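A.B. asks: Same order as they appear, the protein sequences are chains A and B.
So in my numbering, the last spot in the first sequence is 283, and the numbers never skip.
So in my numbering, the last spot in the second sequence is 1283, and the numbers never skip.
Among the hints, a few may not be true.
Claimed, not checked - Using C-beta positions, here's what the derived DEER-type ranges look like:
{"no.": "1", "chain 1": "B", "residue 1": "Thr1005", "chain 2": "A", "residue 2": "Arg200", "range": "54 to 60 Å"}
{"no.": "2", "chain 1": "B", "residue 1": "Gly1257", "chain 2": "A", "residue 2": "Arg215", "range": "43 to 49 Å"}
{"no.": "3", "chain 1": "B", "residue 1": "Gly1257", "chain 2": "A", "residue 2": "Ser244", "range": "46 to 52 Å"}
{"no.": "4", "chain 1": "A", "residue 1": "His164", "chain 2": "B", "residue 2": "Gly1088", "range": "51 to 57 Å"}
{"no.": "5", "chain 1": "B", "residue 1": "Gly1195", "chain 2": "A", "residue 2": "Gln42", "range": "52 to 58 Å"}
{"no.": "6", "chain 1": "B", "residue 1": "Glu1041", "chain 2": "A", "residue 2": "Arg215", "range": "37 to 43 Å"}
{"no.": "7", "chain 1": "A", "residue 1": "Pro95", "chain 2": "B", "residue 2": "Gly1088", "range": "36 to 42 Å"}
{"no.": "8", "chain 1": "A", "residue 1": "Pro228", "chain 2": "B", "residue 2": "Ala1132", "range": "31 to 37 Å"}
{"no.": "9", "chain 1": "B", "residue 1": "Ala1278", "chain 2": "A", "residue 2": "Glu211", "range": "54 to 60 Å"}
{"no.": "10", "chain 1": "B", "residue 1": "Asn1137", "chain 2": "A", "residue 2": "Met1", "range": "52 to 58 Å"}
{"no.": "11", "chain 1": "B", "residue 1": "Ala1278", "chain 2": "A", "residue 2": "His164", "range": "34 to 40 Å"}
{"no.": "12", "chain 1": "A", "residue 1": "Asp94", "chain 2": "B", "residue 2": "Ala1278", "range": "50 to 56 Å"}
{"no.": "13", "chain 1": "A", "residue 1": "Asp197", "chain 2": "B", "residue 2": "Lys1004", "range": "33 to 39 Å"}
{"no.": "14", "chain 1": "A", "residue 1": "Lys281", "chain 2": "B", "residue 2": "Leu1252", "range": "57 to 63 Å"}
Stated by the list, open to error - With a straight-line Cα cutoff of 30 Å, these simulated BS3-like cross-link-like pairs (lysine-lysine) come out:
{"no.": "15", "chain 1": "B", "residue 1": "Lys1004", "chain 2": "A", "residue 2": "Lys65"}
{"no.": "16", "chain 1": "B", "residue 1": "Lys1281", "chain 2": "B", "residue 2": "Lys1198"}
{"no.": "17", "chain 1": "A", "residue 1": "Lys198", "chain 2": "A", "residue 2": "Lys188"}
{"no.": "18", "chain 1": "A", "residue 1": "Lys65", "chain 2": "A", "residue 2": "Lys4"}
{"no.": "19", "chain 1": "A", "residue 1": "Lys45", "chain 2": "A", "residue 2": "Lys281"}
{"no.": "20", "chain 1": "B", "residue 1": "Lys1198", "chain 2": "B", "residue 2": "Lys1065"}
{"no.": "21", "chain 1": "A", "residue 1": "Lys45", "chain 2": "B", "residue 2": "Lys1198"}
{"no.": "22", "chain 1": "B", "residue 1": "Lys1065", "chain 2": "B", "residue 2": "Lys1045"}
{"no.": "23", "chain 1": "B", "residue 1": "Lys1198", "chain 2": "B", "residue 2": "Lys1188"}
{"no.": "24", "chain 1": "B", "residue 1": "Lys1065", "chain 2": "A", "residue 2": "Lys65"}
{"no.": "25", "chain 1": "A", "residue 1": "Lys65", "chain 2": "A", "residue 2": "Lys45"}
{"no.": "26", "chain 1": "B", "residue 1": "Lys1065", "chain 2": "A", "residue 2": "Lys4"}
{"no.": "27", "chain 1": "B", "residue 1": "Lys1281", "chain 2": "B", "residue 2": "Lys1065"}
{"no.": "28", "chain 1": "A", "residue 1": "Lys65", "chain 2": "B", "residue 2": "Lys1045"}
{"no.": "29", "chain 1": "B", "residue 1": "Lys1045", "chain 2": "B", "residue 2": "Lys1281"}
Said to hold, decoys possible - Taking beta-carbon pairs under 10 Å as the criterion, some of the chain A residues facing chain B (in silico):
{"no.": "30", "residue": "Arg20"}
{"no.": "31", "residue": "Arg69"}
{"no.": "32", "residue": "Phe138"}
{"no.": "33", "residue": "Thr267"}
I should point out that these hints are in silico values taken from the structure, not numbers from a laboratory.
Predicted model only: the values in this text are computed from it and were never measured.
Glycine is no exception: its CB is placed at the ideal position from the N, C-alpha and C atoms.
Protein chains: 2
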Amino acid sequence: MTIKTISTNRSHGGVQGVYRHASRETGTEMTFSVYLPPEAEQGSKLPVVWYLSGLTCTHANVTEKGEFRRTCAELGLIFVAPDTSPRGEDVAGDPAGAYDFGIGAGFYVDATQDPFARNYRMWSYITDELPAVVAANFPADLGRQSIFGHSMGGHGALTVALRHPARYRAATAFAPIVAPSQVPWGIKALGGYLGDDKRRWRIHDAVALIEDGARFRDFLVDYGDADPFLTEQLRPELLAQACSTAGIPLTLRRQPGYDHSYYFISTFMDDHLRWHAARLKGG
Amino acid sequence: MTIKTISTNRSHGGVQGVYRHASRETGTEMTFSVYLPPEAEQGSKLPVVWYLSGLTCTHANVTEKGEFRRTCAELGLIFVAPDTSPRGEDVAGDPAGAYDFGIGAGFYVDATQDPFARNYRMWSYITDELPAVVAANFPADLGRQSIFGHSMGGHGALTVALRHPARYRAATAFAPIVAPSQVPWGIKALGGYLGDDKRRWRIHDAVALIEDGARFRDFLVDYGDADPFLTEQLRPELLAQACSTAGIPLTLRRQPGYDHSYYFISTFMDDHLRWHAARLKGG
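Chain A extracted, bound-state conformation (with noise of 0.2 Å):
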């Protein structure tokens, strides 16, 4: 439970860090940051929004470019952000040097096939380690946490809420991939971290998740008509259909203009930030 301090910088009133510590899960160094607003040098514990990044993503560029600080200062949430996959010299990389496989592109799952199954334990990493870390470092109140994310981070938290309805009292997205066994990016991903059997991908699969009986409270997700990953590789509108067949309130918002980019996050960061924040104080 041991955390190095990278860097703290006073922002918003409250402190921006950046931790490394020795993952158990991923056998290597994990890098990522956290948010403390004001209220946490008050001493009381508070509510923890989970940011998963996208693909080549680390913390950094949610935590350089995402605008969520004076939103989560003036809430009173705590954010953490962290990195995509495990990343040093002895973990296996795509064989082409790919973006969208290996380093910076863990898709959020434990890897089973080798030579990936070592190191890539995002999904415990996420939802088991890096919690109990930063309740031990942080005044994180982990019966209040919420998450979300960008792209392929969309995907990590839309699957990890279906996985742990009860834990997360909110889940929101930004582009996510919503349906990665059918599209290229999540066949290419999900085939080389879990194998050929697709059956193993489904509960890494929102619109497969709630296929098979997952459910949430709600969601939240904005995506941009001008996104180029929207056709082939998003595909909301799977995820429209699943919700409507399983009777999940989804919000799907269509912002016109938008792109893929921090451009587009940082416009509607604020209103996911009210979203979630809504239900982690209205219980």
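Please arrange chain B on chain A, whose structure you already have, making use of the hints.
C.D. replies: Quick look at chain B alone, frame taken from chain A:
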């Protein structure tokens, strides 16, 4: 006046663009960013806020980390972020490759010393050439301009405002260098660009300008008391003394725990933009 569009992204209801043009002043290609708020799509000309960046920065630092778009969208402000120097293989830099002189460190002066005089003409670029380029390509009302900046860019903003008090309706700064003639960064830069005769430095030194009779309606300056450059390079007390003697209203705020980073700047960006808007719209 022809500009090339490098990128545009919808953000906070408006458009964040990055552009490049062949500069007459610097003799190089220069890159700058412009945020157009949603109001720009309605056809009327809008006030322009100039943001000058600090040592080592390009347009990108504030564009990605500045957290200015939400407020500019709300207030109807165009936000322009230029580069901090000419760049290119043919542009002379610091002989020792230091970060505080040459590339990324133009100090907003027109150099008179070889080999810098040919390209380092950031004063004329910022006050003359780029405003005309912006007015020719965007719905910018040059009758309503204001200026601010960070560190070296705070120095630039204060000196530009003091020498053009009728043109800029507001001027503020984050952690500015207020008296470059008296601090190591400034002595190196002004000496290198302008030569040894310190009398020529005075029009590029906010404190010296005020001592020599320059005036401005009022200033807002924020600095962090954990800023590692505070006592050696920034020395806000020299500005306080000069403004007090000259009768220039100065709102000088010491922000406890804040450092020199964009975590500091982004925290107070909203305050500064509201200060600018009040003066740009109030007349």
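A.B. asks: Now tell me, hint by hint, if it's right for this structure.
C.D. replies: We went through each hint and held it up to the structure:
One distance hint, 54 to 60 Å for the beta-carbon pair Thr1005 (chain B) and Arg200 (chain A), is violated here, with the actual separation near 46 Å. In this structure the hint that Gly1257 (chain B) and Arg215 (chain A) lie 43 to 49 Å apart at CB holds, the actual value being about 44 Å. Separated by about 49 Å at the C-beta atoms, Gly1257 (chain B) and Ser244 (chain A) satisfy the suggested range of 46 to 52 Å. Checked against the hint of 51 to 57 Å, the pair His164 (chain A) and Gly1088 (chain B) passes, with Cβ atoms roughly 54 Å apart.
Look at Gly1195 (chain B) against Gln42 (chain A): about 56 Å separates their beta carbons, and that is inside 52 to 58 Å. With their beta carbons about 42 Å apart, Glu1041 (chain B) and Arg215 (chain A) fall inside the hinted range of 37 to 43 Å. The beta-carbon spacing between Pro95 (chain A) and Gly1088 (chain B), approximately 38 Å, falls within the hinted interval of 36 to 42 Å. The hinted window of 31 to 37 Å between Pro228 (chain A) and Ala1132 (chain B) holds, with their beta carbons roughly 35 Å apart.
In this structure, Ala1278 (chain B) and Glu211 (chain A) meet the distance hint of 54 to 60 Å, their C-beta atoms being roughly 55 Å apart. With their beta carbons about 55 Å apart, Asn1137 (chain B) and Met1 (chain A) fall inside the hinted range of 52 to 58 Å. With their beta carbons about 48 Å apart, Ala1278 (chain B) and His164 (chain A) fall outside the hinted range of 34 to 40 Å. A C-beta distance of roughly 53 Å is found between Asp94 (chain A) and Ala1278 (chain B), which places it inside the suggested range of 50 to 56 Å.
Between Asp197 (chain A) and Lys1004 (chain B), the C-beta spacing of about 51 Å breaks the proposed range 33 to 39 Å. Between Lys281 (chain A) and Leu1252 (chain B) the C-beta distance comes to about 38 Å, which lies outside the given range of 57 to 63 Å. Of the pairs offered as hints, the one joining Lys1004 (chain B) and Lys65 (chain A) holds, with about 25 Å between alpha carbons and a cut-off of 30 Å not exceeded. With a C-alpha separation of about 39 Å, the suggested pairing of Lys1281 (chain B) with Lys1198 (chain B) is violated against the 30 Å cut-off.
Using a Cα cut-off of 30 Å, the hinted pair Lys198 (chain A) and Lys188 (chain A) holds, with the two alpha carbons roughly 12 Å apart. Of the pairs offered as hints, the one joining Lys65 (chain A) and Lys4 (chain A) holds, with about 23 Å between alpha carbons and a cut-off of 30 Å not exceeded. Distance restraint check for Lys45 (chain A) and Lys281 (chain A): the Cα-Cα separation of roughly 13 Å lies within the 30 Å cut-off, and the hinted pair is therefore satisfied. With a CA separation close to 36 Å, the supplied pair Lys1198 (chain B) and Lys1065 (chain B) exceeds the 30 Å bound.
For the given pair, Lys45 (chain A) sits about 57 Å from Lys1198 (chain B) by alpha-carbon distance, which is inconsistent with the 30 Å threshold. In summary, the hint linking Lys1065 (chain B) to Lys1045 (chain B) is supported, as the alpha carbons are separated by about 26 Å, within the 30 Å threshold. Distance check on the hinted pair: Lys1198 (chain B) and Lys1188 (chain B) sit about 12 Å apart at the alpha-carbon level, within 30 Å; holds. Of the pairs offered as hints, the one joining Lys1065 (chain B) and Lys65 (chain A) holds, with about 5 Å between alpha carbons and a cut-off of 30 Å not exceeded.
With a C-alpha separation of about 26 Å, the suggested pairing of Lys65 (chain A) with Lys45 (chain A) holds against the 30 Å cut-off. At roughly 25 Å between alpha-carbon atoms, Lys1065 (chain B) and Lys4 (chain A) fall within 30 Å of each other, so this suggested pair holds. Taking the CA atoms of Lys1281 (chain B) and Lys1065 (chain B), the gap is near 26 Å; set against the 30 Å cutoff, the hint holds. Restraint check for Lys65 (chain A) and Lys1045 (chain B): the C-alpha separation of about 29 Å stays at or below 30 Å, so the hint holds.
For the given pair, Lys1045 (chain B) sits about 13 Å from Lys1281 (chain B) by alpha-carbon distance, which is consistent with the 30 Å threshold. For Arg20 (chain A), the interface hint is violated, since its Cβ never comes within 10 Å of a Cβ in chain B; the closest pair sits about 19 Å apart. Nearest Cβ of chain B to the Cβ of Arg69 (chain A): about 7 Å, under the 10 Å cut. The hint holds. Hint status for Phe138 (chain A) relative to chain B: violated, with the closest Cβ pair at about 18 Å, above 10 Å.
This hint holds: Thr267 (chain A) has a C-beta 5 Å from the nearest C-beta of chain B, less than the 10 Å allowed.
When each numbered hint is compared with the structure, violations occur for hints 1, 11, 13, 14, 16, 20, 21, 30, 32.
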